[in-house]
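Two independent chains are provided; combine them into the complex using the hints.
Heads up: the protein sequence lines correspond to chains A and B, in order. Note that UniProt numbering has the first sequence beginning at 1, numbered continuously upward. Note that UniProt numbering has the second sequence beginning at 1, numbered continuously upward.
Some hints could be false.
Pairs of lysine to any residue residues, derived as SDA-like cross-links and limited to a Cα-Cα distance of at most 25 Å, are as follows [unchecked claim]: (1) Lys272/B / Arg22/B; (2) Lys382/A / Arg250/B; (3) Lys382/A / Thr190/B; (4) Lys272/B / Asp162/B; (5) Lys185/A / Arg148/A; (6) Lys382/A / Gln202/B; (7) Lys382/A / Gln193/B; (8) Lys272/B / Val137/B; (9) Lys382/A / Arg189/B; (10) Lys272/B / Thr44/B; (11) Lys272/B / Arg23/B; (12) Lys382/A / Thr242/A; (13) Lys382/A / Pro197/B; (14) Lys382/A / Gly195/B; (15) Lys382/A / Gln254/B; (16) Lys382/A / Gln196/B; (17) Lys185/A / Arg222/A; (18) Lys185/A / Arg147/A; (19) Lys382/A / Arg191/B; (20) Lys185/A / Arg143/A; (21) Lys382/A / Asp182/B; (22) Lys382/A / Ala203/B; (23) Lys382/A / Leu253/B; (24) Lys382/A / Phe194/B; (25) Lys272/B / Gln254/B; (26) Lys272/B / Ala284/B; (27) Lys185/A / Thr108/A; (28) Lys382/A / His206/B; (29) Lys382/A / Pro182/A; (30) Lys272/B / Leu48/B; (31) Lys382/A / Gly364/A; (32) Lys272/B / Pro148/B; (33) Lys382/A / Phe201/B; (34) Lys272/B / Gly258/B; (35) Lys382/A / Ala141/A; (36) Lys382/A / Gly257/B; (37) Lys272/B / Asp49/B.
Note that these hints are calculated values from the structure, not bench results. Source: prediction; values computed, not measured.
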Amino acid sequence: MDLTYTAEEEEFRARLRRWLARALPALPPRPSPDDWPGRRAYDLGWQRMLHDAGYAGLHWPVDAGGRGATPTQHLIFLEETERAGAPYVGANFVGLLHAGPTIAAEGTAAQRARWLPPVLRGEEVWCQGFSEPGAGSDLAALRTRARRDGDDYVVSGSKIWTSHAEVADWCELLVRTDAEAPRHKGISWLAMPMDAPGITVRPLRTLAGSTEFAEVFLDDVRVPVANRVGAENDGWRVTMVTLSFERGTAFVGEVVACRRVLGELARAARENGRWDDAVLRRRLGRLNAEFRALWRLTQWNVSESARTGGVPGVGGSVFKLRYSQARQSLYDAAAEVLGAAALELSAEWTLDRLSSLSYTIAAGTSQIQRNIVAERILGLPKGR
Amino acid sequence: MDFQLTDDQRALRRGMRELLGRRFGRERLRAAADRPRTPEGRETPPALDRGLWRDLGDAGFFALRLPEAAGGVGLGLAEAVLVFEEAGRALLPGPLVATHLAAGEVPGAATGECVVAAADGALVEWMDAADVVRGDVAGAVAMRSADPLTPLHRLPRAVPADPVAALLSAAEQLGSAGRTLDLAVQHARTREQFGQPIGAFQAVKHLCSEMLVRSELARVAVYAAAVTADPLDIAAAGLLADEAAEQGARDCLQVHGGMGFTWESEVHLHLKRAWLRARRGRSAAEAEEALAADAAAAPAGVPD
Ligand SMILES: Cc1cc2nc3c(=O)[nH]c(=O)nc-3n(C[C@H](O)[C@H](O)[C@H](O)COP(=O)(O)OP(=O)(O)OC[C@H]3O[C@@H](n4cnc5c(N)ncnc54)[C@H](O)[C@@H]3O)c2cc1C
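Bound conformation, chain B alone (with noise of 0.2 Å):
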C-alpha cells in the first residue's frame, strides 16, 4: 500500500496548474465574470473560449484515459481527478466532464475540436454552445444562470446519474475547495483590525482550520474513489466534496467581510459552481440512502 502521489502523478498536476495560470489565470475569470450587458440590460451569455478548448485537448484533458492506441495519454482514473481537481480551483468554465466522457465516442471530443454537453441530474450545461449535446434533452428550458460562469438549461426530469461523471465533479469540488482555503488564509494573513492581522483572531483561525479539515477529509475520499472506482465510494466522496466546496466557500466569503459580498471578489464565483456541481448527477439524499443500505447490509469491518 502506498496510498500517496506518484512523482509522475505530481507532474502532471504540476503541469496542469501551470497550464491554467497561463491560459486562465484570475484576470480571465475576471474577464469573463465582467461581460458587457445587452442594450435590454440582460446579461450576454457566457463565451466558449476554443482556443482554450483546443490547448486543453493538446494538453491530454479530454484524451487522458483513452487508451494509446486509441491516440490517448493512456492514464486511469487517479490521473484523472487530478487534472478536474486543477479544473476546479482555477475555476475553469465549459462541459468539461461531459466533453471528458466522450473522448473516443464523439469524433473530435479526445482533441477539443468538439465540444460536448450533456444531461446530467436535471441539468444541461452549455448546450446551446455545443457542438454535441448527449443525453435525453427533450423538454430543456433555459434559466437565467445563478453561475454567471455557466448557461444553463433544465430538464423535466433528471437522468440517470454516471458515477465516473459523478467522481470528476467531486475532485473540481475539492479543487474549488482548496482554492477558496488559500484565499481565505491570504487574505487572513493580510488584513489587520484591531491592531494585529485578523487570521491571529481564533474565531478567524478555527473557520480556516475547519476549511482545510474538510477538504482534506474530501481528498483522500476522491482519491481513494478513483483508484476503487466503487459506486459506494463514489457516493460518499461527493458528499464529502460537495460539503468541502460549499462550506469552504461560505467560510471564506465570511473572512473576506464586506469585500466577500461584491462581485469584484472571486469567491462568489466559487460559491454559485460550487451550488451548481451539487446539483450534478444523483442527489445527496439518494447517495445517503446507497451508503445507509451499504451500511446495513455490509459484514463488520472497512473497506478493502
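For reference, chain A alone in the conformation it holds in the complex (with noise of 0.2 Å):
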C-alpha cells in the first residue's frame, strides 16, 4: 500500500504543471453553453493545444499514435488539468474516449490511419448513436437496421439521446445486420459520416435548458461496408471491448472538481452566516469524508489496472454508483447554503445541481450498475 508517487512520475506531473502555467493563459475566451458551433471550435482548439505539446492520446497505445502512458500517469494527467483548471474534454469525449478506443483495438491498419489522427490532433468529433427509443439499459433490444447493398450499408432506423449529434463529423452507430439472429449475435459497428443524406438530427432540449443531446433519424443512409469495425455480426463484443481501455480513470477529473466546489461552499457558507447551522456544518463534513474516499478509490482502481496490465475490474461500478450519488448530494447541500438564491438559474452551482441529475442515468443507470455488482462481482443469480 504505497500512496507516493515515484520520481519518474513526480517528473511528469511537474513537467505537465509547467506547460499548463504557460498553455492556459492562451487560451481563447470560453463560449456560451449554447453556442455549439463555438463549443466545437474551442474543445477542438485545446485538444490541439495537448496534441503539439505531446499530451493527446497519453493513455492510448503507442501503436495508436497514443503516448502508451502508465493508467498512473493518465491519473495526474487529469488530476493536474482539472486542479489548473484547464478545459474538459467537451467535444472529443467520444473520439477520445470511445470510438477511438474501439477503432483503435478492433480496427484495421486502413481505419486506424483513417480516423485515430484526426481525433488526436483535435480536427474530427465523434458520437454515440447506441440508445434508441426502445433500447436504453437493454441495448441489445436495439432495432435500427442495416441492409447490405453493394459495397454499402443501407441503414433506416433511429437513435435518440445521442450527445453532440450536432456537431460531429461521425458517429459510431451500433445497428442490426441480422434480423434473424438471437439478440447479441446480429449487431454491427459502424463509422457513419454525419453528413450523409438522409440523417435528419432534432436537437433535444434538456431539463437544464440546454441542448446537449439529439434524436437522429436515419433514412436509407449509405455507409460504406468498409466503414464497419470488426466482423459483420460481432459488434456487441467489438463495443464491449472499449471497455478494457477505461482503466480506473473515468471520474479523476470530477473527484477534483467536486473536492474544490466541496472548499467553494463551505467558504460561501462562512460568508453568508450559514455556516452558523451546525446540521449544514455536519453534512458538508460527510461529504469531505465521501470525497477523500471517492480519491482514494480511484487511486486504488487505477493502481489495481496498473498491475493487471490495464484489464479494469468491475471497480468502476462501484465508483460510479457512489460518485453520482455523491455528487447530487453535493449540489443539494450547495442548494442549502445558498437559500433562496438556489433558484436563481444563473447563480453558481444552480445550473450544476440541474445537470447533476443525469449522473444517475447516463453511461448505464444505478439499477443497471446495482445488477451489475450484485451479479459479476457478488455472484447472485440473474433476475428476469
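Next up, the structure:
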C-alpha cells in the first residue's frame, strides 16, 4: 500500500504543471453554453494544443498514435488539468474515450490511419449512436436496421440521446445486421459520416434548458461496408472491448472538481452566515469524508489496473454508484448554502445541480450498476 | 503509487484469517454468546479466553508495530489495520485495541500475557477482566451491556480520543461489514421463495450491492488513513466504516428474514458490536465538524 508517487511520476507532473501554466493563459475566451459551433471550435482547439505539446491520447497505445502512458500517469494528467482549471474533454469525449479506443483495438490498419489521427489532432468530432427509443438500458434490443446493398449498408431507424450530434463529423453507430440471430449476435459497429444524405438531427432540450443531446433519424443512409469495424454481426463484442480502455480513470477530474466545489461551498457558507447551522456543517463534513474516500477509490482502481496491465475490474461500477450519488448530494448541499438564491438560474451551482441529475442515468443507470455489482462481483443469480 | 496490498500484506491477512478460523470459529462465537444464566436469571459476564489471548500474542497481534529491536514484529499501521480487519470479521472479543496500544508500554501486553483495558469515548470495555486499566476511569459504572460479548462500564464524561485507536476500530468495523455482506450473499444464493433464490429478486440484490459499495468505500478510506496516519483521513475512515458496519449488519438482518431476528443467528452480534465500536473515540458529530472545518480551510484540490 503505497500512496507516494515515483520520482518519474513526479517529474511527469512537474513538466505538465509547467506546460499548463504557460498554455492556459493562451486559450481563447470560453464560448457560451448554447453556442455549439463555438464550443466545438474551443474543444478542438484545446485538443490541438494538447497534441502539439505531446499530451494527446496519453493513455492510448503507442501503435495507435497514443503515448502509451501508465494508468498512474493518466491519473496525474487528469488530476493536474482539472486542478489548473483546463477545459474539459467536451466534444472530444466520444472520439477520445469510446470510438477512438474501439477503432484502436478492433480496426484494420487502414481504419486506424483514417480515423485516429484526426481525433488526436483535434480535427474531427465523434458522437455515439447506441441508445434508441426502444433500447436504453436494454441496449441489445436495438432495432435500427442495416441492409447490405453492394459495397454499402443502407441504414434506417432512429437513435436518441445522442450527445454532440449537432456538431459531430462521425457517429459510432450500432445497427442490426441480422434480425434472425439471437439479439447479441446480429449487431454490427459502423462509422457513419454525419453529413451523409438521409440523416436528420433534431436537438432535444434538457431539463437544464440547453441542447446537450439530440434525436437522430436515419432514412436509407448509405454507409460504406468498409466503415464497419470488426466482423459483421460481431458489433456487440467490439463495443464491449472499448470498456477495457477504461482503467479506473473515468472520473478523476470530476472528483477533483467536487473537492474544489466543496471548499467553495464551505467558504461561501462562512461568508453568508449559513455556517452557524450545525446540521449543514455536519453535512459538509460528511461530504468531505465521501470525496476523500472516492479519491482513494480512484487511486485504488488505477493501481489495480496498473497491476493487471490495464484490464479494469468491476470496480468502476462501485465507483460510479457512489460518485453519482455523492455529487448529487453535493449540489443539494449547495442549495442549502444558497438558500432562496438556489432558485436563481444564473447562480453558481444551480445549473450544475440540474446537470447532476443525469449522473444516475447516463452511462448505465444506478439500477443497472447495482445489477452488475450483484451479478458479476457478488455472484447472485440473474433475475428477470 | 501502488495503492494495493503487497504479497506480504496478503500473506499476513491470510495467516490471521486462518488463525482466527481455527481458534475462534463459528462454534466458539456461538458458545461465547450462549452462556448459562445465574440462578437469579441474570447473564453471566463473558469470560476472556487467556489461551487465545496468548496465541494472538504469539502471532504478533499485539507486538505488530513494535520495533524488532524491542522484540516486536516491526510492521506499521497498514499491517495493523489488516489484522484488525480480520479480528472484526471474526467478531473476536476482548480489549484488542487497548492491549495493542499498550504493547511496549505495559509489560506483558506485547506477548498477550497481560490484558489491558482502557477508557475510550465514554466507555471502558472489559474493565473487570483486565490486568491493567489505562486512562481516567474514575466514576466508572458497570452496565448491562447490549453486546453480549463485551462487558461495559460507563464513564461520567468522554476521554479525549486517540486517532490510532480510532483507526483500528474502523478497521474492525470494515471486517464486520465484509462478514455481514458474505453472510447476506450466501443466504441470498441458497434461500428460495416463490420458486427461486431470493438473491434473484432485485430488491434483495440491490441491498447486497449497496452493502458492497459501502464496504469498498470504507476499505479504501481505512487503508489510506493507515498509510497517511492523517487525523482527518482517520476521521473520514471512521465515519465511512461505522456506516458500512452498522448499515451492513441491518441489511444482512433484513436479507435473513425471521431468522435474522433470532439469537441463534450471528447477525445481531455484528450489529451490537458495530453500535458499540461506533461509540468509541470521538463522536460522529465531532468528526464531521473537523472535516467541515477542513473543507472551509483547505486550498482547492485533492489530498496528496
Ligand atoms: C445526459 C445524457 C447523455 C447521454 N448521451 C448518450 C449518447 O451520447 N449516446 C447514447 O447512445 N446514449 C446516450 N445517453 C443514453 C443513456 O445511455 C440512457 O439514457 C441510459 O442507458 C438509460 O436508458 P433509458 O433512458 O432508455 O432508460 P430506461 O432503460 O427505459 O430506464 C428507465 C428506468 O428503468 C430502470 N430499469 C431499466 N431496466 C432495468 C432493469 N433491468 N432493472 C432495474 N431497473 C431497470 C432504469 O434504471 C431507469 O430508472 C445519454 C443519456 C443522458 C441522460
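- Item | Restraint status (C-alpha distance of Lys272/B to Pro148/B at most 25 Å) | OK: Lys272/B and Pro148/B at ~8 Å, within 25 Å.
- Message: Against the 25 Å threshold, does the CA-CA distance of Lys272/B and Val137/B hold or violate the hint?
- Response: Roughly 23 Å separates the two Cα atoms, so the pair holds.
- For the pair supplied as a hint, Lys382/A and Thr242/A, is the alpha-carbon distance within the 25 Å limit? holds (24 Å)
- Pairwise hint evaluation, Gln196/B against Lys382/A, where the allowed Cα distance is 25 Å at most: This hinted pair holds, its Cα atoms lying about 11 Å apart.
- Mind checking the alpha carbons of Lys382/A and Arg191/B for me, to see if they're no more than 25 Å apart? holds (15 Å)
- Does Lys382/A pair with Gly195/B here, judged by a C-alpha cut-off of 25 Å? holds (14 Å)
- Message: Between the alpha carbons of Lys382/A and His206/B, is the straight-line distance 25 Å or under?
- Response: holds (12 Å)
- Message: For a C-alpha distance cap of 25 Å, please report whether Lys382/A and Gln202/B respect it.
- Response: holds (9 Å)
- Item | Pairwise hint evaluation, Gly258/B against Lys272/B, where the allowed Cα distance is 25 Å at most | holds (18 Å)
- Can the restraint linking Lys382/A and Gly364/A be considered satisfied, given a maximum Cα separation of 25 Å? It holds: about 17 Å lies between the C-alpha atoms, which stays within 25 Å.
- Is the Cα-Cα distance between Lys382/A and Thr190/B 25 Å or less? holds (14 Å)
- Message: Please verify whether Lys382/A and Ala141/A have alpha carbons no more than 25 Å apart.
- Response: Given that 25 Å is the threshold and the Cα spacing comes to 18 Å, the pair holds.
The structure meets every hint from the earlier list without exception.
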